[in-house]
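> Below are the chains, spelled out letter by letter.
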Amino acid sequence: MAMTTAGDKATPAVGDTTMTAVGEKTMTADEAVSRLESGMTLGIGGWGSRRKPMALVRAVLRSGITDLTVVSYGGPDVGMLAAAGRIRRLVAPFVTLDSIPLEPHFRAARERGELELMEIDEAMFMWGLHAAANRLPFLPVRAGIGSDVMRVNPALRTVTSPYDDGETFVAMPALRLDAALVHVHRADRRGNGQYLGPDPYFDDLFCEAADAAYVSCERIVDTAELTKEAAAQTLLIKRHTVTGVVEAPGGAHFTSCAPDYGRDEAMQKEYATTPWAEFAERFLNGPEKEGT
Amino acid sequence: MTVTRSEFCVIACAEAWRGAGEILASPMGLIPSIGARLARLTFAPELLLTDGEAMLVDVDGTVEGWLPYRQHLTLVTGGRRHVMMGASQIDRFGNQNISCIGDWEQPRRQLLGVRGAPVNTLNNPTSYWIPRHSRRVFMEKVDMVCGVGYDHAAGARHHRIPRVVSDLGVFDFATPDRSMRLASLHPGVTVEEVGDATGFALTIPDEVPYTREPTPTELRLIREEIDPHDTRAREVPEGVRA
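If you're matching them up, the sequences are chains U and W in order. Those letters in the first sequence? Residues 0 to 291, per numbering that gives the first Met the number 0, in order. Those letters in the second sequence? Residues 0 to 241, per numbering that gives the first Met the number 0, in order.
Bound-form chain U, shown alone:
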């Protein structure tokens, strides 16, 4: 097997079947987004203002695609897409910047009455992704009943246990995605994605629930490099669920991507306090990474 060093983009040797162009999925963020269309349902990984695929979100913002259904444990990804008017419908249990509890652009869009929202509980959201990943129409969840989640989502149905307990649950519908966007620490050229931070969040589940998944990463490395210093359990995302791999150093910035970098609080504060048009001008056209 040909051994290459991290980030080596040398052409594989003739006869080396492990790195043929067929299995390679590397592309730029703009190429990934060029495969998306207006009206799609997009799942966005990470959680709040943590490990959000911001380089991919920026590419979406640069593109013309709009009328999106966005499915997200929401952070600045939701705030930016809402501020830019790209979201037709949002599916989320919350939107927050963590260190700044209330997301200003999401807030403004909601207070203007512009955002159609499917507001569901954190657990309902997770089971919706599980249902989609498992090709099930729904999964029963003990959450939502008795709360106004049922009032504001009149399409939600309940299901009663067929066993002796007879308990009634929410039948959480599958959150099937046209595409998923996630950001991890390392990936190989075939789409095996590795996280090195404290929490995988639900990024693997987003990829499994989607018809196509685009994984950005801090660094593309040779496959053998992935497990040289990290345990195999860090290999969160499997290549059969991945359509495209994008090398994007600083690709989660300004959200946190520990241990590679923490949240850029100064930049986040600037985002939260600057009118969107003004911020977008600099943010969308600037370099991928600003002072992480």
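Simulated from the structure, these hints should not be mistaken for laboratory data. Don't be surprised by glycine CBs; every beta carbon is placed ideally from N, CA and C. Treat the hints with care, as some may be off.
Stated by the list, open to error - Partial selection, computed: residues in chain U whose CB lies under 8 Å from chain W: (1) 93; (2) 94; (3) 100; (4) 101; (5) 106; (6) 118; (7) 143; (8) 146; (9) 147.
Claimed, not checked - If you want the ones that stay clear, here's a sample from chain W, every Cβ over 12 Å from chain U, calculated: (10) 73; (11) 104; (12) 121; (13) 138; (14) 171; (15) 175; (16) 176; (17) 189; (18) 216.
Model the placement of chain W on the given structure of chain U, informed by the hints.
Quick look at chain W alone, frame taken from chain U:
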């Protein structure tokens, strides 16, 4: 040494986890976090605590386990957890709102969203911490039910709201119709003051006890080990209510 209001609040929060056993204490907010750590260091040593992200840690920060969100959500539905959440609004039956103020379709003020309040309240004991008791928070009917109260829970098998702690006192639902009752007053607070700051009819027992004093050991732990920089006074400033 005079015990401050914020220290009574710490004790009132810590008491939520007394006798809870080997479960996860999930405090949200500063004073509940100090309370949970105090409980862990004193009368509830079996408690599990997190670092606010994915690690289970000792009070000194030593990692003893890993609890990413996906496992945390299973722990919630497994019931081995007592969470103390915040509330932008709470009503007489303990319905809680952190989602939005006003009409949900186009809120006057968009807040966080329902987060995990619906799953929490149907699966593990859920208490609440309100750092500034007022009629804007303690109101007759919340705008959006996130955390489920006793009237909406309709006897759900794992539903329980053990206590509500505010800067004025401790409240529970030990009444025939499971509506809110004044359980104890923090020293220095009067029944009238609580009544004036509450936007619904509260059950007031004939004799209302005071929230207990911290022991000298507890006071030393709060002041010297858990919160040496007195951040608790920023959440509940001394003398503001006088």
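> Would you mind marking each hint as holding or not holding in the structure?
Quick rundown of the hints versus the structure:
Interface restraint check: residue 93 (chain U) against chain W, minimum CB-CB distance 4 Å, threshold 8 Å, status holds. Nearest Cβ of chain W to the Cβ of residue 94 (chain U): about 6 Å, under the 8 Å cut. The hint holds. Given the 8 Å rule on beta carbons, the hint for residue 100 (chain U) holds: about 6 Å separates it from the nearest Cβ of chain W. About 7 Å separates the beta-carbon of residue 101 (chain U) from the nearest beta-carbon of chain W, less than 8 Å, and the hint is met.
About 4 Å separates the beta-carbon of residue 106 (chain U) from the nearest beta-carbon of chain W, less than 8 Å, and the hint is met. With a cut of 8 Å, the hint placing residue 118 (chain U) at the interface with chain W holds, because the nearest CB-to-CB distance is about 6 Å. With its C-beta approaching chain W no nearer than about 5 Å, residue 143 (chain U) sits inside the 8 Å limit, and its interface hint holds. With 8 Å as the threshold, the beta carbon of residue 146 (chain U) comes within range of chain W, its nearest partner Cβ sitting at about 4 Å, so the hint holds.
A least Cβ separation of about 4 Å between residue 147 (chain U) and chain W falls short of the 8 Å threshold, and the interface hint therefore holds. The Cβ of residue 73 (chain W) does not lie farther than 12 Å from every Cβ of chain U; its closest approach is about 9 Å, which violates its non-interface assignment. Not every Cβ of chain U is farther than 12 Å from the Cβ of residue 104 (chain W); the closest lies at roughly 7 Å, contradicting the non-interface assignment. Its closest Cβ contact with chain U, about 5 Å, brings residue 121 (chain W) to no more than 12 Å, contrary to its assignment away from the interface.
With a least CB separation of 15 Å from chain U, residue 138 (chain W) remains clear of the 12 Å interface cut-off, as annotated. With a least beta-carbon separation of about 19 Å from chain U, residue 171 (chain W) lies farther than 12 Å from that chain, consistent with its non-interface assignment. In this structure residue 175 (chain W) is separated from chain U by more than 12 Å, as the shortest Cβ-Cβ distance comes to about 20 Å. With a least CB separation of 16 Å from chain U, residue 176 (chain W) remains clear of the 12 Å interface cut-off, as annotated.
Every Cβ of chain U is farther than 12 Å from the Cβ of residue 189 (chain W); the closest lies at roughly 33 Å, confirming the non-interface assignment. Every C-beta of chain U lies more than 12 Å from that of residue 216 (chain W), the closest at about 33 Å, which supports listing it as non-interface.
Checked against the numbered hints given earlier, this structure breaks hints 10, 11 and 12; the rest are met.
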